[in-house]
Amino acid sequence: MQSSVNRSSSPRGLSPLARKRLGQGVDIIATLVVIFFVMFPLVWMILAAFKNEIDVYSSRLFFQPTLDNFRAVFASPTLLGSHTWISVLVSFLTVAITIPLGAAASYVLSRHRFKGRDSLFLLILITQFVPAVVVAIPFFNLFRTLGLIDTPIALVIVYLSFTLPYAIWMLRGFFDSLPVEVEEAAFIDGCNELQTLRYVTLPLVMPGLIVAGVFAFISAWNEYFFALILTKSDSLTLPIAIQTISGPRGPVWEQVSAAGIIVMVPILVMSLFIRKYFVEGITVGAVK
Amino acid sequence: MDIPQTSADPVTEKSVLLPAQKPWKPQSASLRWVMLAPALVVIGATILYPLASSFVTSFRDWRLINSPTPGPFVGFDNYARAFTDANFLNSLKVSGIYMFISVVLTLLIGLGIALLLSKPTKLNTFARTLLIFPFAVAPVLKGYSWKFMLNPEYGVYAKMIGDVFDPLKGYVWLGHEFSALVAIAMSEVWGWAPLFALMFIGALGSISPEINEAAKVDGATNFHIFRKITLPLLAPVIYIVALLKVISAFKMFDQVAVMTGGGPGDSTQTLYFHVFQTAFRNLDMGYASALSYILVALMGVIATFYVRTLMKGD
Chain A
8 MQSSVNRSSS
18 PRGLSPLARK
28 RLGQGVDIIA
38 TLVVIFFVMF
48 PLVWMILAAF
58 KNEIDVYSSR
68 LFFQPTLDNF
78 RAVFASPTLL
88 GSHTWISVLV
98 SFLTVAITIP
108 LGAAASYVLS
118 RHRFKGRDSL
128 FLLILITQFV
138 PAVVVAIPFF
148 NLFRTLGLID
158 TPIALVIVYL
168 SFTLPYAIWM
178 LRGFFDSLPV
188 EVEEAAFIDG
198 CNELQTLRYV
208 TLPLVMPGLI
218 VAGVFAFISA
228 WNEYFFALIL
238 TKSDSLTLPI
248 AIQTISGPRG
258 PVWEQVSAAG
268 IIVMVPILVM
278 SLFIRKYFVE
288 GITVGAVK
Chain B
706 MDIPQTSADP
716 VTEKSVLLPA
726 QKPWKPQSAS
736 LRWVMLAPAL
746 VVIGATILYP
756 LASSFVTSFR
766 DWRLINSPTP
776 GPFVGFDNYA
786 RAFTDANFLN
796 SLKVSGIYMF
806 ISVVLTLLIG
816 LGIALLLSKP
826 TKLNTFARTL
836 LIFPFAVAPV
846 LKGYSWKFML
856 NPEYGVYAKM
866 IGDVFDPLKG
876 YVWLGHEFSA
886 LVAIAMSEVW
896 GWAPLFALMF
906 IGALGSISPE
916 INEAAKVDGA
926 TNFHIFRKIT
936 LPLLAPVIYI
946 VALLKVISAF
956 KMFDQVAVMT
966 GGGPGDSTQT
976 LYFHVFQTAF
986 RNLDMGYASA
996 LSYILVALMG
1006 VIATFYVRTL
1016 MKGD
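Line by line, the protein sequences give chains A and B. To convert a position in the first sequence, counted from 1, into this note's numbering, add 7. To convert a position in the second sequence, counted from 1, into this note's numbering, add 705.
If you are wondering where the hints come from, they were derived from the structure by calculation, not from laboratory data. All of these numbers come straight from a predicted model, not from anything done at the bench. Careful, some of the hints might be misleading.
Claimed, not checked - Simulated pairs of lysine-lysine, DSS-like, Cα-Cα distance not exceeding 30 Å:
#1 B:Lys824 <-> A:Lys283
#2 B:Lys933 <-> B:Lys864
#3 B:Lys824 <-> B:Lys921
#4 B:Lys824 <-> A:Lys27
#5 B:Lys921 <-> A:Lys27
#6 B:Lys933 <-> A:Lys27
Claimed, not checked - To spell it out: a stretch of chain A is covered by chain B in this simulated footprint if at least three of its residues, at any positions, have a beta carbon under 8 Å from a beta carbon of chain B; those stretches are:
#7 74-84
#8 88-101
#9 205-214
For every residue, glycine included, the Cβ atom is placed at its ideal position computed from N, Cα and C.
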């Protein structure tokens, strides 16, 4: 009895203090393993972007950094600059349409009471489950007829199919979390509904608009499936343009990595800004 | 890093569909529809229109190589064809296996990360901040980075694995059926598991330390505490998270295109990839529309579970 208690409280004869230290050491190592798993693929890609050809294939950790890969991808034939511009244009246009439309609709869905409101909201939610291929086939044929294949407009139109329902879904949550009393006070003070919305509600819900805007931006910026179908050469977005960086041995890794940095750094910075809302945003929106 | 708790969070909140507040006076009916209309028009045009159009096309014979305009109606032929099409049945199987692999790996690794980072030390708080990064990376880049690291000649992960376990030296990870599927899954798991860990950490934070202390005093081992206290309390979160992963696994396309192109053979041809090939490589629009409607039906089943979970509690 006595010995079993001893064994369980101090294994291998260590003093309590040493055990605590050992425990802390194990905890730190465990955390470092997690950090390695999470960050290493990113770090490795970032390093590769600054390596020359020989260092990339030798996978050494110390090397003479170079900016040649960035020069190469912005030069011919990749011309990443023009693809970056397309990506910026498409993503901003998508956000610029999604957020005003989404905000107006979700305000009504949050503040108004009318017959069929909850069914309408549910319908909007369910649209997020529509598989992308179903949307892609008719739009591919429609845009072919209209001559819109390989234009930024075509991409913006199909991107709205997933950013708008998602933004409504998310913004409705933000409107719901605002206390109505403030708006009621403004109303009693003589504002009409539109003025209340303009001067009271919208400023209060601004963080929500920004978060929803960032999510819409990220999903448009990272989008691959529709862009692969609806672009050919003039309107390649960044995720598609990266695929063109290949040589006789397949992808030119150091240049792919340099282009990869251009794709991921703006997104990483944005997600850091809205990190408080990240988990919730995914739960709502990972559907599409 | 704190886990947000606003009303849209289905894990903590009872229902997002419940009326959140008392009715208030300024509700102009005309303003209501003026504000709703633009969004409804866009949703109608970008989702309901293609949904209807695909449905009609799914009953026609329309090969774009033969004709730029839709061909004759063929009844249920396209649907009948799907159930005897070995390629489609294969992609059902591939997606099923892929779903299983990626859900299990994500849950295990996500739980592992959550347990390792559960103590609120300074280093852990810092590590938690990093957890959102992989998810935000474009899927194409996830695919490229893992393909790069798993290259048998110069891939850094391939080398590490070969150094630890000699028989796997020079193993062509993307050249074998099962390991290619696992590699694709890992590129996804790398993005999702850290995020799920954040959700788990949030849920673990709601377990008061006194419960664990009391259990220890009563002689429970750490394993017992995990099984009898931690796991049951995490169960609702695990359920929602597993559903999300099932949905995302069902839609797997990007990394397949980047990492394997469906190969070797057709062993990584997921459902989305197969329908994509049918529509935009073989240009068989009628058949592809029918296949995509089968995806709608499958997705409908998953959606029912998801919506039911969100609405639970009212």
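Violations among the numbered hints: Hints 2, 7, 8 and 9 are the ones this structure does not satisfy, whereas the remaining hints hold.
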